[in-house]
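Since the structure of chain C is already known, use the hints to place chain E on it.
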Amino acid sequence: MHEMGIAQELVRIALEALPRDLKDPKVASLNLRIGKLSSVVPHSLTFCFEIITRDTPLEHARLDIETVPVVIRCDTCGRQWEADTPVFRCPDCENGQVRMISGREIDIDSLTLME
Amino acid sequence: MEIKIRKNILEKNLTEADKNRSFFREKKVFVLNMMSSPGSGKTQTLCRTLAQLMPDIQVGVIVGDICTTNDADRLAKTGAKVTQINTDQFGGDCHLTAPMIDTAARQLGCDDLDLLIVENIGNLVCPAEFDIGENARVVVLSVTEGEDKPVKYPLMFQVSDAAILNKVDLLPYLEFDAALAVENMKTVHPGMPVFELSAKTGQGFEPWLEWLRQQL
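Chains as they are written, first to last, in our numbering: chain C, 1 to 115; chain E, 1001 to 1216.
The following block holds chain C by itself, in its conformation from the complex (with noise of 0.2 Å):
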């Protein structure tokens, strides 16, 4: 469970980003990029964020959240492909030594602003 630590390290960054000149924000949405092997729980995530944003100008933001695919490439034989199940040898060499290249992800895109 280490998603309040993440979830405080998002709402630091995300006060950092908002303009300094704007009288009393309030943000819509921040937009997220989640791995899907990366072991965060996106409910356990928005949980948490719900806590520790009460009272900032992100409370009631809504976190969307895009999930990535585990993209593995075969560095023997150059086949890429999308994993669904943590099996992450090659299809056609099965020797080939594997690296991921997308499914890690924690990343924050952008906030979006109301209106």
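Don't read these hints as lab results, they were simulated from the structure. Cβ atoms here follow ideal geometry from the backbone N, Cα and C, with glycine treated the same way. Treat the hints with care, since some could be wrong.
As the list claims (entries may be wrong) - Coverage of chain C stretches by chain E, computed from C-beta distances (three or more under 8 Å per stretch; other residues unrestricted):
| id | stretch |
| --- | --- |
| 1 | 2-8 |
| 2 | 35-44 |
| 3 | 97-106 |
Chain E in isolation, oriented as in the chain C frame:
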């Protein structure tokens, strides 16, 4: 209005981990991050490992735990320099972060060390997510857990450079399928070396020690 940010939320930890890496490079110390679920036998594996490596190799250990100094007390008996991080003061975190390692490594002093082992908090989820500035990661699984742990917690096995399958002395008394467990590890991380051993009896210990010596 949309404001672009494009940042890794764990960026601060990654920056601190890079600082740790520079510090360890400067001190010429190799850092190993040991991870596992609770009760897999990490501490006993380390006690035997230290007994075999020292005094030729100078080893220090940072032990992470939510509460108690039990593991640090056991490891200190080997003669290694040991320091404890209790995370309850940080809200009982279930993993170690780069800033915690920075504090502990400076407290321990790394000048005369060849190898620094970080015994991470027992948990197969969160420690996999936090870079602490280590050179290599090892995951310990024991035969009293399920064979399917690698596919249930794939990230932990994906990010590890080697795995230990511990407590193999108990295999005659269990229905644990060791071959299947190893197969599951290799499914998640093809090519990862797996050392089947018993930290209690010392069975199968030499290949693990050899791998570790080669890393230094």
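We went through each hint and held it up to the structure:
1. 2-8: n = 4 at 8 Å, threshold three: holds.
2. 35-44: Check passed, 4 qualifying residues.
3. 97-106: Since three or more residues must qualify, the claim that chain E covers the stretch 97-106 of chain C holds, with 6 doing so at under 8 Å.
Checked against the numbered hints given earlier, this structure breaks none of them.
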